[in-house]
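2 protein chains.
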Amino acid sequence: MVKDLREIYENYELYLNKEICIQGWIRNHRKQKEFGFIDFNDGTYFKSIQLFYDNKLEDFDSISKLHIGSAISAYGVLVQSPNKNQDFEIKISKIKLEGDCPLDYPIQPKRHTREFLREVAYLRPRTNLFNAIFKIRSIASYAIHKYFQDRGYVYVQTPLITANDGEGAGEMFKITTFDLDNIPRDEDGKIEYNKDFFGRKVGLTVTGQLEGETFAHAYKKIYTFGPTFRAENSNTKTHAAEFWMIEPEICFCDLNGLMDIEEDMLKYIVSYVIENARCELEFLDNFVEKGLIDKLNTLINSKFAKVTHKEAIDILKSSNEKFEFTPEYGCDIAREHEKYLTEKHFKKPVFITDWPKDIKAFYMKMNDDNETVAAVDLLVPSSGELMGGSQREENYEKLIGRMNELNMKIEDFDWYLNLRKFGGCTHSGFGMGFERLLIYLTGVDNIRDVIPYPRTPKSCEF
Amino acid sequence: MVKDLREIYENYELYLNKEICIQGWIRNHRKQKEFGFIDFNDGTYFKSIQLFYDNKLEDFDSISKLHIGSAISAYGVLVQSPNKNQDFEIKISKIKLEGDCPLDYPIQPKRHTREFLREVAYLRPRTNLFNAIFKIRSIASYAIHKYFQDRGYVYVQTPLITANDGEGAGEMFKITTFDLDNIPRDEDGKIEYNKDFFGRKVGLTVTGQLEGETFAHAYKKIYTFGPTFRAENSNTKTHAAEFWMIEPEICFCDLNGLMDIEEDMLKYIVSYVIENARCELEFLDNFVEKGLIDKLNTLINSKFAKVTHKEAIDILKSSNEKFEFTPEYGCDIAREHEKYLTEKHFKKPVFITDWPKDIKAFYMKMNDDNETVAAVDLLVPSSGELMGGSQREENYEKLIGRMNELNMKIEDFDWYLNLRKFGGCTHSGFGMGFERLLIYLTGVDNIRDVIPYPRTPKSCEF
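Chains as they are written, first to last, in our numbering: chain A, 1 to 462; chain B, 1 to 462.
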């Protein structure tokens with residue numbers, strides 16, 4: 001019976017001194033005259049296992065010629081290892097070659113640059129670094145689902161193709177089935193969108209929030225977790241055209257309640273990843289971000305700080321720090337300000353609340369001062385902004401008033417506005433960019449390295 | 001402390017004869033001269049709870065004027081109910097109106113047609129029917145993640161924007177940031193795709209399988225679960241332009257191993273939904289598909305049948321059934337044939353294997369007969385095809401040969417082909433349309449009713 005490496009590592013007493021078969025790939029191969037060692041991994045566990053063979057085997061010659069990268073079925077006995085770097089190894093009785101691998105195989109047992117590995121993105125999960133990153137991506141995804149499902153939230157798959165432009169925030173990708181060489185036009189030369197697939201102009205969504213709010217008004221607590229898009233032409237380490245977002249929305253919940261949920265959720269996810277990706281985190285702590293595990297443990301054990309935007313500017317202004325951008329009331333907070341607040345002043349995650357209305361979205365609840373809105377950003381040490389949320393404006397007239405100020409097309413949002421007429425209530429929600437979270441969890445600083453196949457300006461490979 | 005209805009239903013002994021507060025919406029309101037009853041639901045539990053109030057309350061008049069659909073905070077004591085249709089109810093001491101609802105609110109406590117409810121899709125999860133459907137959608141999503149994560153599969157979020165056309169199967173949506181009124185062209189009038197956002201022609205993916213295979217060759221067992229698109233202009237009950245798919249891919253797994261996984265997974269999901277959506281299924285069994293729960297239990301307890309495509313045609317030909325389409329070797333199996341096989345002949349789910357190569361995709365493993373491929377479709381009673389999978393062609397030369405026969409552009413698939421050179425191995429995978437599964441689980445027959453905001457030809461609302 002074939003076993004996964006994971007089963008062997010997790011219950012090795014069961015298999016010790018027994019015949020087993022494992023199927024996977026050769027990560028490294030060191031041969032000597034009379035014996036040889038194969039680093040074997042089947043991808044189900046972060047650590048490899050050592051296969052030991054010697055020249056008493058009939059197939060010694062053919063085994064010793066096996067190439068790195070090859071797929072094999074290995075048969076042998078699991079034994080205690082004499083080597084103190086490992087607990088056990090497999091004494092081989094037979095190896096069957098399942099699929100060969102040429103000598104010019106790009107993934108060799110040495111350090112490759114991340115830039116090179118991006119070019120062979122389809123092979124990079126076979127390296128320790130990317131194996132760890134994408135395993136953590138999977139584990140963190142599950143932690144998010146588990147957190148919300150265990151607490152009675154309903155998962156809503158909001159649409160990706162949309163005729164709204166969401167927050168009016170991001171540049172959108174257009175979607176069409178028109179032949180671009182032959183777009184139908186009316187007598188005046190105007191494009192006949194009524195002849196396109198959906199009969200109107202549509203694009204890829206920048207947020208599922210508005211649809212999420214509609215479901216929150218039925219289930220009280222919902223979350224989305226799906227892809228989101230920005231056609232923003234920025235080639236930075238933190239921007240991708242396609243990324244995943246989590247957008248919970250909760251009825252009968254104000255800004256304070258929202259912050260409690262954000263803090264509780266983040267601590268849960270981090271704890272879950274620490275518990276379920278121990279080997280992966282140790283590797284990343286060693287080779288990517290020294291102190292990563294300490295950073296994560298500190299987060300779990302801290303009580304997040306809370307300041308208003310005004311208080312945050314006060315702190316920044318009264319600091320002796322030399323900033324490139326002068327902190328200003330009424331303005332956004334720069335990356336360097338975030339770093340100062342989280343890493344020097346508070347030394348822990350910080351909620352910044354009550355932002356100037358002019359730099360925030362139309363749907364955020366106006367505070368009594370008529371100048372600020374009940375918005376909250378969560379900043380964390382080393383990664384900056386991780387979540388952005390707000391209490392939503394539930395007052396129909398105030399919401400319409402704000403949309404008119406911003407020259408929005410009210411008629412496109414009648415259903416959204418109706419939520420305020422048909423049993424509306426205090427409600428709040430936030431968005432967390434999943435890749436932002438992964439950058440925080442893995443210590444890797446480039447968004448291209450936490451997405452299986454990243455999409456960025458001028459790049460859409462594989 | 002505010003409680004969710006779910007907590008009260010699940011632990012009602014804890015709250016019996018205690019003061020509680022709940023926040024949610026009025027589903028129905030029956031008033032008499034001296035007392036009144038409110039059907040209350042907060043969306044966290046399928047069943048509503050009855051709020052009872054009488055004219056001893058100071059606010060009796062204002063409470064008795066509360067409208068259906070309004071959001072309220074209700075305070076009172078949880079008491080045993082004298083009514084034998086319910087176990088308990090809340091004797092109200094105070095109700096605070098959180099958000100009013102007008103008398104012309106579209107969702108009234110009566111039967112609405114599904115067609116009407118599609119027009120107010122943002123309100124339909126407030127009805128029993130859609131509340132049940134979208135709750136099951138959430139629960140089934142989680143069951144899928146739980147099944148694979150518990151078994152060590154890695155969740156891979158494959159890209160949605162792609163330059164490949166996948167199986168070459170479906171019509172694709174184009175994505176662009178060009179101003180359609182002003183598309184850049186070179187001197188010969190050719191569109192300069194190098195000036196588009198990604199510098200090339202791109203579209204919305206029809207499958208994540210090819211990228212999934214690359215990750216399976218690193219982690220052995222992976223699954224995808226995400227949105228997929230078809231720009232197919234078919235207005236039927238089973239087609240949507242945007243839908244979700246699950247695509248597991250497993251290395252060192254042949255067609256028989258794949259069928260075992262499909263059967264095991266489906267039984268797990270169905271069991272999980274039966275256990276976690278009991279009230280919802282009972283409602284659907286009563287009002288949508290009589291016998292639904294029996295159907296699901298039968299599936300769990302049956303051993304799925306297995307026949308080859310040829311054997312299936314033999315069975316169909318030798319039946320006395322009058323088919324509209326004559327069953328033919330080498331041809332696809334029609335809906336009526338599927339019905340006969342699953343509902344009359346086998347009376348349970350059936351795997352059909354070894355399909356004629358010409359009606360299946362290029363990547364499927366050629367059988368020794370050179371006529372059929374190692375493909376498998378799973379048919380289930382009442383819903384027909386639920387999953388389609390295959391062993392993949394892992395032989396580099398055979399795969400290239402087949403692609404050449406089909407005039408495919410080999411150079412676009414070099415990375416996919418390389419999987420066969422760099423430690424390739426026997427591997428298999430399948431795809432399950434998530435909405436197909438939901439149609440099976442809920443008994444609802446129109447795909448528009450199992451997607452929160454369906455996208456179909458000429459329809460992209462909300």
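Please keep in mind that the hints were generated in silico from the structure rather than gathered at the bench.
Check each hint, because a few of them may be wrong.
Copies of the same chain look alike in the list, so a pair counts if it works inside one copy or between any two.
[To be verified] Mimicking DSSO-like on lysine-lysine, the simulated pairs with C-alpha atoms at most 27 Å apart in a straight line are:
| # | residue 1 | residue 2 |
| --- | --- | --- |
| 1 | K174 | K458 |
| 2 | K344 | K174 |
| 3 | K201 | K96 |
| 4 | K174 | K201 |
| 5 | K458 | K409 |
| 6 | K267 | K146 |
| 7 | K190 | K290 |
| 8 | K201 | K458 |
| 9 | K91 | K295 |
| 10 | K174 | K339 |
| 11 | K174 | K195 |
| 12 | K3 | K421 |
| 13 | K146 | K47 |
| 14 | K322 | K237 |
| 15 | K195 | K458 |
| 16 | K91 | K56 |
| 17 | K96 | K18 |
| 18 | K201 | K190 |
| 19 | K317 | K421 |
| 20 | K190 | K174 |
| 21 | K421 | K47 |
| 22 | K91 | K310 |
| 23 | K421 | K94 |
| 24 | K347 | K195 |
Against the structure, the hints come out as follows:
no.	hint	verdict
1	K174 to K458	both (16 Å within a copy, 16 Å between copies)
2	K344 to K174	neither (43 Å within a copy, 48 Å between copies)
3	K201 to K96	neither (57 Å within a copy, 43 Å between copies)
4	K174 to K201	both (8 Å within a copy, 13 Å between copies)
5	K458 to K409	between (32 Å within a copy, 21 Å between copies)
6	K267 to K146	both (13 Å within a copy, 21 Å between copies)
7	K190 to K290	neither (59 Å within a copy, 52 Å between copies)
8	K201 to K458	both (24 Å within a copy, 11 Å between copies)
9	K91 to K295	neither (40 Å within a copy, 50 Å between copies)
10	K174 to K339	neither (36 Å within a copy, 41 Å between copies)
11	K174 to K195	both (15 Å within a copy, 15 Å between copies)
12	K3 to K421	between (59 Å within a copy, 25 Å between copies)
13	K146 to K47	both (26 Å within a copy, 23 Å between copies)
14	K322 to K237	within (25 Å within a copy, 64 Å between copies)
15	K195 to K458	between (30 Å within a copy, 9 Å between copies)
16	K91 to K56	within (12 Å within a copy, 83 Å between copies)
17	K96 to K18	within (19 Å within a copy, 69 Å between copies)
18	K201 to K190	both (13 Å within a copy, 24 Å between copies)
19	K317 to K421	neither (43 Å within a copy, 61 Å between copies)
20	K190 to K174	both (17 Å within a copy, 20 Å between copies)
21	K421 to K47	between (57 Å within a copy, 25 Å between copies)
22	K91 to K310	neither (66 Å within a copy, 46 Å between copies)
23	K421 to K94	between (73 Å within a copy, 23 Å between copies)
24	K347 to K195	neither (57 Å within a copy, 45 Å between copies)
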